[in-house]
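Asker: Taken in sequence, the protein lines are chains A and B. With our numbering applied, the first sequence covers 1 to 341. With our numbering applied, the second sequence covers 1 to 394.
Simulated from the structure, these hints should not be mistaken for lab results. Cβ atoms here follow ideal geometry from the backbone N, Cα and C, with glycine treated the same way. Mixed in with the good hints there might be a few duds.
[What the hints assert, rightly or not] Output of the computed footprint for chain B on chain A, the stretches with three or more beta carbons under 8 Å from beta carbons of chain B: (1) 137-145; (2) 190-197; (3) 233-245; (4) 254-264.
[As the list claims (entries may be wrong)] One-sided and incomplete, this derived list gives chain A residues near chain B with beta-carbon spacing under 7 Å: (5) E132; (6) T175; (7) T176; (8) T324.
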Amino acid sequence: MTGKTSIGRPLRRRRPHFASTRDCLLGLGVFVLIGGQASAFTAYVSNEKSNTISVIDTNKFTVAKTIKVGQRPRGIELTKDGKFILVAVGDDDTIQVIDIRTHEIVATLPSGPDPELFTQDQTGKILYVANENDNTVTIIDLERRVPLGEVQVGVEPEGMGLSPDGKVLVATSETTNMAHFIDTETRRIVANVLVDARPRFAEFKRDASEVWVSSEIGGTVSIIDPVKHEVKKKITFDIPGLRKEAIQAVGISITRDGKTGFVALGPANRIAVINAATHEVQKYLLVGQRVWHMAFTPDEKYLLTTNGVSNDVSIIDVANLKVTKTIQVGELPWGIAISQQ
Amino acid sequence: MIRLLLAGTFFFAWMSASTDAAEVNIGYLRRTDPKSTLSLIQTPANNDGIAGARLAIDDDNTTGRFLSQQFSLEDVRLAGGADAVAAIIALSERGVSVVIADLPADELLKAADAATPRKILFFNVSASDDRLREEDCRANVIHTAPTRSMLADALAQYLVWKQWRRWLLVVGSHAEDGLYGDALRRSAKRFGARIVQDRVFEDTGGARRTDSGVVQIQRQLPIFTQGAPPYDVLVAADESEVFASYLPYRTWDPRPVAGSAGLVPTSWDGSHDQWGAVQLQDRFMKQFSRRMTARDMQAWTAVRMIGDSASRTRSTDPIVMLDFLKGPDFALAAFKGQRLTLRDWNLQLRQPILLSDGRMIVSVSPQEGFLHQVSELDTLGIDRPESQCRLNSR
Chain A
1 MTGKTSIGRP
11 LRRRRPHFAS
21 TRDCLLGLGV
31 FVLIGGQASA
41 FTAYVSNEKS
51 NTISVIDTNK
61 FTVAKTIKVG
71 QRPRGIELTK
81 DGKFILVAVG
91 DDDTIQVIDI
101 RTHEIVATLP
111 SGPDPELFTQ
121 DQTGKILYVA
131 NENDNTVTII
141 DLERRVPLGE
151 VQVGVEPEGM
161 GLSPDGKVLV
171 ATSETTNMAH
181 FIDTETRRIV
191 ANVLVDARPR
201 FAEFKRDASE
211 VWVSSEIGGT
221 VSIIDPVKHE
231 VKKKITFDIP
241 GLRKEAIQAV
251 GISITRDGKT
261 GFVALGPANR
271 IAVINAATHE
281 VQKYLLVGQR
291 VWHMAFTPDE
301 KYLLTTNGVS
311 NDVSIIDVAN
321 LKVTKTIQVG
331 ELPWGIAISQ
341 Q
Chain B
1 MIRLLLAGTF
11 FFAWMSASTD
21 AAEVNIGYLR
31 RTDPKSTLSL
41 IQTPANNDGI
51 AGARLAIDDD
61 NTTGRFLSQQ
71 FSLEDVRLAG
81 GADAVAAIIA
91 LSERGVSVVI
101 ADLPADELLK
111 AADAATPRKI
121 LFFNVSASDD
131 RLREEDCRAN
141 VIHTAPTRSM
151 LADALAQYLV
161 WKQWRRWLLV
171 VGSHAEDGLY
181 GDALRRSAKR
191 FGARIVQDRV
201 FEDTGGARRT
211 DSGVVQIQRQ
221 LPIFTQGAPP
231 YDVLVAADES
241 EVFASYLPYR
251 TWDPRPVAGS
261 AGLVPTSWDG
271 SHDQWGAVQL
281 QDRFMKQFSR
291 RMTARDMQAW
301 TAVRMIGDSA
311 SRTRSTDPIV
321 MLDFLKGPDF
331 ALAAFKGQRL
341 TLRDWNLQLR
351 QPILLSDGRM
361 IVSVSPQEGF
371 LHQVSELDTL
381 GIDRPESQCR
391 LNSR
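Chain A with its partners taken away, still in its complex shape (with noise of 0.2 Å):
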């Protein structure tokens, strides 16, 4: 496949080029002049439905926008310079790239098919793209946007996990059950740990001790040793008046100082907070129906998560562990990501 034909269809019909060095000092200008309170941050959730983005401004927590994307945006993040939103829009077999200026779609990645959740080295240059059809994660070199090349994982790849160092990235495979750990410089399995079914998610701890992969079908988190490959630690969930099968976990924050975990459980309508160090689960917040993902403000103030099917975000202040907020925004909300603009 020649990835300079791929991407470089869509983007001459868009826009002649991708935001030049020039273009992107002069927004970057353009912002410190308006920027107005530190506080106010831009949340972006991609809604699954409606194929569109909600942009919600988290100082007076309302959508201020909706952005149209392509069909069915999932996974999305901003790229390392908070200048783009990166969505994964997996029945179009592409991740979209959208100027947070002006809210247009600027490019598309060769994702490979199906992309659902991807992630990006610390440099901002690499993006890994897990391919939920094909059984493969995607590696993209992001500033050329060309493909680099896959690796073979399990089977339906979707949780991606990278440590913070950059050199080991985790993948979870839905129907084989297991983290595969893949060494980013030679692009080989290293390891391999079988987890509970259906593992969506992979976070890793700041200082790197931990990572955590949630598992739907199974309802855990498993606590991987990430030197070892061995899983030390499961946390199961127990509602008082829930069934098992409601409680599926799916999304993973864990806050900067690595002492907070928050662990989203799907139809279970809650978000379980952790101790992160005893892995004991602290206490269980009721969000919006089917919580999928979440975000963090970049004050860690905040944690937005995102309700599928009740359509709505809800609000959660760290600090006290209450929900304070829920927002309106557009059908079966899936990803989040929110910028320091």
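Put chain B on the given structure of chain A with help from the hints.
Answerer: Showing chain B alone in chain A's frame:
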């Protein structure tokens, strides 16, 4: 003592699995007598069922590749008067200890009993007879196919939720139609529907396709359904493919049809696309160039259960596998939105049931509001307290 023995087997198997590559050879025993259906598009493909098993073997081997476990499938076809017992003995002599049985109830029982001393574990992937999980249950037979009572309950819950409580029941004249009819009557009683009239559709023989076409059918079916007391929905039990598919749009009163035609309860449908099912559907289509059927799914599920138990126990011993599958740690992801587990009292797989109109999934049961103290999936089919199966006392 048994526990000790089991632990011993487990330990041995684990030891051997951890030293060199372990292989699981699975036998797939099936009848290949052609089945005719009223609708041409529902005629089963030659590889119906086994295609699902083949796909699951690939899925198992992807996991197995990382764990030094290998899975293979041996297709054994029984045509005409061929004997299932002889086939089981031959498979056993070749070292096969796990068998997928795609057989009618009586044959399955004969095969399972012949296999008992040989320690072969069976997965029933097609027979929906409740008796195989009740008075005729066996300790070495796991059932991935839903029972007639599970299917009937799934349909009844939806019809009652929809407030279509008055049913005109039409049952075919063959034995299996009668069994499905019984299951539907039980469901109606259980969930508060009322059968306003019970009619039998006699199979008078004849070809399913004729040069004269549907002219007569168009005249016969309205007359057959004429003069019924007021009803909301016609529920048909016709496993023999004699009349049910002729009913939609031909009833005397304009009423929807459910059961063996119209809204059909099933374990799988080629149109099911929720909970990540698209990936499985795509994989299946890519490999076999057709849509995945319920029988394919039931076989896929069985082979995935084998793969999952082998990878979790690191064993290829059927006794260890069965023990794991019955236990609390088993949870299978099968694109149904929740974990599938085994009813330990009769080895029936708990599963949501899809309600399909042939083109789309209309709903998935259990329906909201049908509660259960253990698992809402146990609102479908015969539950533990009513069960006649006594595996533990065997």
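Asker: Flag every earlier hint the structure violates by its number, smallest first.
Answerer: 1, 4 and 8
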